[in-house]
Every structure is written in C-alpha cells, then in structure tokens.
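*Asks:* Modelling step: build the complete structure from the supplied sequences, incorporating the hints.
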Amino acid sequence: MKNIYIENLSENLHGQEIKISGWIEEIRKLGSIAFLILRDKTGRVQVTAIKKELGKDKFTELVNLTRESVVQIEGKIQKSTEAKMGFEVIPTNFTVLSRAQVPLPLGVVDKVNAELDTRLDNRFIDLRKDNVRAIFILRTLACAGIRQYFMENRFVEVNTPKIVFAGAEGGATLFEIDYFDKKAYLAQSPQLYKQMLMASGLDRVFEIAPAFRAEPSDTVRHLAEFISLDVEVAYIDSSADVMQVVENMIRRALEFVQEHGKKELETLGCSINVPSVPFRKITHRECLEILHELGWKGTMDIDTEGEKLLGEFVYKNYGEEFFFITDFPTELKRGTFYAMRKDENPELTGYFDLEYKGQELASGGQREHRYEKLVAQMQENNMNLEAFEPYLKAFRYGMPPHGGFGLGIDRFIQKMLDLGNIREAVLFPRDRVRLTP
Numbered sequence: 001m002k003n004i005y006i007e008n009l010s011e012n013l014h015g016q017e018i019k020i021s022g023w024i025e026e027i028r029k030l031g032s033i034a035f036l037i038l039r040d041k042t043g044r045v046q047v048t049a050i051k052k053e054l055g056k057d058k059f060t061e062l063v064n065l066t067r068e069s070v071v072q073i074e075g076k077i078q079k080s081t082e083a084k085m086g087f088e089v090i091p092t093n094f095t096v097l098s099r100a101q102v103p104l105p106l107g108v109v110d111k112v113n114a115e116l117d118t119r120l121d122n123r124f125i126d127l128r129k130d131n132v133r134a135i136f137i138l139r140t141l142a143c144a145g146i147r148q149y150f151m152e153n154r155f156v157e158v159n160t161p162k163i164v165f166a167g168a169e170g171g172a173t174l175f176e177i178d179y180f181d182k183k184a185y186l187a188q189s190p191q192l193y194k195q196m197l198m199a200s201g202l203d204r205v206f207e208i209a210p211a212f213r214a215e216p217s218d219t220v221r222h223l224a225e226f227i228s229l230d231v232e233v234a235y236i237d238s239s240a241d242v243m244q245v246v247e248n249m250i251r252r253a254l255e256f257v258q259e260h261g262k263k264e265l266e267t268l269g270c271s272i273n274v275p276s277v278p279f280r281k282i283t284h285r286e287c288l289e290i291l292h293e294l295g296w297k298g299t300m301d302i303d304t305e306g307e308k309l310l311g312e313f314v315y316k317n318y319g320e321e322f323f324f325i326t327d328f329p330t331e332l333k334r335g336t337f338y339a340m341r342k343d344e345n346p347e348l349t350g351y352f353d354l355e356y357k358g359q360e361l362a363s364g365g366q367r368e369h370r371y372e373k374l375v376a377q378m379q380e381n382n383m384n385l386e387a388f389e390p391y392l393k394a395f396r397y398g399m400p401p402h403g404g405f406g407l408g409i410d411r412f413i414q415k416m417l418d419l420g421n422i423r424e425a426v427l428f429p430r431d432r433v434r435l436t437p
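Under my numbering, the first residue of the sequence shown carries the number 1, and numbering increases by one thereafter.
What the hints contain is simulated information worked out from the structure, not anything from laboratory work. Careful: at least some of the hints might be erroneous.
Think about it this way: if two alpha-carbon atoms lie no more than 20 Å apart in a straight line, the pair counts; the simulated SDA-like pairs of lysine to any residue are [as the list claims (entries may be wrong)]:
{"hint": "1", "residue 1": "K297", "residue 2": "E320"}
{"hint": "2", "residue 1": "K357", "residue 2": "F313"}
{"hint": "3", "residue 1": "K129", "residue 2": "M196"}
{"hint": "4", "residue 1": "K76", "residue 2": "S10"}
{"hint": "5", "residue 1": "K357", "residue 2": "E320"}
{"hint": "6", "residue 1": "K308", "residue 2": "I290"}
{"hint": "7", "residue 1": "K281", "residue 2": "H260"}
{"hint": "8", "residue 1": "K393", "residue 2": "M196"}
{"hint": "9", "residue 1": "K162", "residue 2": "Y185"}
{"hint": "10", "residue 1": "K56", "residue 2": "V96"}
Per label pair, the in silico range of CB-to-CB distance [said to hold, decoys possible]:
{"hint": "11", "residue 1": "L435", "residue 2": "P161", "range": "21 to 27 Å"}
{"hint": "12", "residue 1": "T140", "residue 2": "L104", "range": "24 to 30 Å"}
{"hint": "13", "residue 1": "T42", "residue 2": "E289", "range": "26 to 32 Å"}
{"hint": "14", "residue 1": "M300", "residue 2": "F124", "range": "44 to 50 Å"}
{"hint": "15", "residue 1": "Y318", "residue 2": "P161", "range": "19 to 25 Å"}
{"hint": "16", "residue 1": "N93", "residue 2": "V277", "range": "55 to 61 Å"}
{"hint": "17", "residue 1": "L104", "residue 2": "R28", "range": "41 to 47 Å"}
{"hint": "18", "residue 1": "T173", "residue 2": "G201", "range": "30 to 36 Å"}
For clarity, every value in this text was computed on a predicted model and none was experimentally measured. Ideal placement from N, C-alpha and C gives every residue a C-beta, glycine not left out.
*Replies:* Here's what the structure looks like:
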C-alpha cells in the first residue's frame, strides 16, 4: 500500500484502507481508547486507536510514544461527527520509524514563543511549525514566479564562479580564502561575469545564487551569506529599460505568490499587494528635498532612516510600496567603476535603487560598455588593471550597451511577509557570529 499525504484524506474514503506517516503531535489516553494527532507537511488528522483492534501490546507501545516521534500508520477511514475533519483514522497496525528523545529542545505546538537564536539552533524542529514552514513555501513560490518571468522573456539562467580572483566592489567586505597557495575571494556578486556574458551573445541572463560579504553589521537586514538575484540585459537604450525588467519581474513574482500561496498567506495572516506598473521614479535630488522637508538630518548618502522616511512618504501620499530612486550622483557611485555616467551631465549616473516598504531591495543601472571610458573610471579608483584583464578583455572585441541589477532574495521575502528579521527568511543563516548549524 502506498503512503499518502494527510491532505488527500477525506470522509469520502470512509471504509477504505490507507497508510499515512508523520509526527505524533499529541496523545491522549482514555481507558481502552487513545486519541492521537498525526501531522505531516500537508496537515493533521485524528487517529483513534482502539485497544481491541490493535491488541494489548501494540496499544501499550503506541500510547507510550513520545511527542514528535515518527510513525507509519495503516488503518481505515471512518466518518465521525466528533472529529474536527468529519472523519478519523482507525489504525489496524503501525510502525515506529523514529522515537523522539525527551525533552524536546524546542516545542512545536507550545504557545510560548522561543527566542530566535533558540529557533535557529534547532531549525529542523522549528520548521515543523506551520507558520515557519509557510515562509519557505512562499519563498519557493516567489522564486518560481521570478523564473517564470525570465523564461517567458527568453532569459538564460547561468551559474558563475563563487571563488573569484577579485571582488566586483572590493573593499573590506571581501572574504579572502587560500586557493591552492593563491589568494582568492568568495564572490560578492557575479557582476564581472554577467557583464562578460553580454559580449557572448547570450544577451539576457539571470542567476539566483549565493553571494558573500564580510558584513561587520549585526542588524535585522544584513547577512554574511545571502541569495542574490542578478540580471544583465544587452542592447538597452538607457537604465529605464532595466527598471522595466525589474518592475515587471516583481509584479509577476507577487502575482504568482498571491495565486498559489493562499493557504500559506492565511497561515501567516499576510496579504500581498500586487503593484501596478510602471513604478514611481524619484530622482536622488528630489529625494533629498523631500527628506529635508521631513526633517532628516543627513547629507547626500541616504541612510536607513532616510529610506524609511521616503517609504512612509510615498505610501502616505500615493499608496505605493515600491518606487525607484534614480539619477544617483557620480560622487556616490564612484566606487562602482562600471556605472555609466550621463554624457550630458557626468556628475550623474544612470543608476537606481528599488525601494520596497522603506528599504532598499535592488540596485542597478546602465553599465559603461565603452572600453576607454571604463578603463578611465577604473584608474580613478586606482585599480590594478592587470588583475582585471580577463574582465577588460571582453570589452575590446565587441561589447553591446547593457545594464542590469542585483536583488536580495532574502530581503525580498522579509519585506514581502513583513518579517522582523531577515534570518527568519533563511533556512540556516550566516552572520558575524553564526556559523552553525
């Protein structure tokens, strides 16, 4: 007999023999009858064990099992007016697949909320909770919606190296490793590779993969290892073409989650607002003017507080959760050596940030594809051109105009579901202090 999921049981199967497996969530013994709640990833069902049906020894073994033990139960479906689902399972046999030790390091149905660190230390049990598991089902759906958009628009999914010769952004956030007696780094992003691919004829590429930054920050929005969505598109006219890809992709992802994740959204008590496109665009200069009117004390670089204020302003005045900050000053993007500067005003770049609920979600724009200008901008940053020769070589033999963006998947899920900490959106997060499990 084939094992089936609990969600496939119904009172229409009355009298039929079935086999189910899962965790014992609860056991109550009342004389010669015992009531069990069995749980798998799809739901719960009441199992009513009768001593004379199972036999004395098997009945005793069953009622003495510990919570969260894994069992396989064979039995029959029986209609019941007292059971919550309108039916129950009457077991004729069972097999203990794994007995849980006591006490449990983390409760599954306990009403007391455990600390996040305790949950992460025992993630395998934490994920047995409906509300925690729902996060990762919705994360899967969001990524599926993203991939669906790219497949429909003839993008190629790529995989680039995560052990690299140099960092795209450089600086102190690089993880240095020993690579067969050579100095190498964990990739901060696939920036250099996705640009090189624009010279290959693939034209449109995307990657969903780990990226690494030695972030000293211990905040609710930063991780040392994160999943990054990186996209690059050739033959663009301006950064507006890139922003169009961003907003259409976001819309498709949220539509997909809304359509296929109703059960999980209900479990979390969340609702998804699918945005209309195009997203609002506010220049960096205009953002500064808005912020100063709101009493913000910053200067040119918009910080976390500034992002939050802008998000509140846009939502209050326009009812929109997404908007772009555009036309970043060259001064702020000078370290981003591949950013194209505007020919009509070199003090500005064609770069943008996507803001979602008052937090940066993505960053991108048009890249500098002209070899001489790219080299000049690298020299401004005192970069070792020889170390970047494999990258620069791609620009000497026919590089089309191109642009792209990077988006943090973990942060996207955090903001989509209004999670208090980005670690809640990651199975096994890595930060400044956490290296296990």
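*Asks:* Hint by hint, say whether it matches the structure.
*Replies:* Hints versus structure:
As the CA atoms of K297 and E320 are separated by approximately 25 Å, the hinted pair breaks the 20 Å bound. Distance restraint check for K357 and F313: the Cα-Cα separation of roughly 10 Å lies within the 20 Å cut-off, and the hinted pair is therefore satisfied. A threshold of 20 Å between alpha carbons decides the hint, and for K129 with M196 the separation of about 44 Å lies outside it, so the pair is violated. Using a Cα cut-off of 20 Å, the hinted pair K76 and S10 holds, with the two alpha carbons roughly 11 Å apart.
Between K357 and E320, the direct Cα distance comes to roughly 9 Å. Compliance with the 20 Å bound is thereby established for this hinted pair. With a C-alpha separation of about 12 Å, the suggested pair K308 and I290 falls inside the 20 Å cut-off, and the hint holds. Only pairs whose Cα atoms come within 20 Å are accepted, and K281 paired with H260 is rejected, the gap being roughly 30 Å. Taking the CA atoms of K393 and M196, the gap is near 9 Å; set against the 20 Å cutoff, the hint holds.
Taking the CA atoms of K162 and Y185, the gap is near 8 Å; set against the 20 Å cutoff, the hint holds. For the given pair, K56 sits about 16 Å from V96 by alpha-carbon distance, which is consistent with the 20 Å threshold. Between L435 and P161 the CB atoms are about 23 Å apart, so this pair conforms to the stated range of 21 to 27 Å. The hint said 24 to 30 Å for the Cβ distance between T140 and L104, and at roughly 27 Å that hint holds.
Between T42 and E289 the beta carbons are some 53 Å apart, a value that contradicts the proposed interval 26 to 32 Å. At roughly 46 Å, the beta carbons of M300 and F124 sit within the given window of 44 to 50 Å. Taken as a hint, the range 19 to 25 Å is violated for the pair Y318 and P161, whose Cβ atoms sit roughly 42 Å apart. Separated by about 57 Å at the C-beta atoms, N93 and V277 satisfy the suggested range of 55 to 61 Å.
A hinted range of 41 to 47 Å for the beta carbons of L104 and R28 is inconsistent with their spacing of about 18 Å. The hinted range of 30 to 36 Å is satisfied by T173 and G201, whose Cβ atoms lie roughly 33 Å apart.
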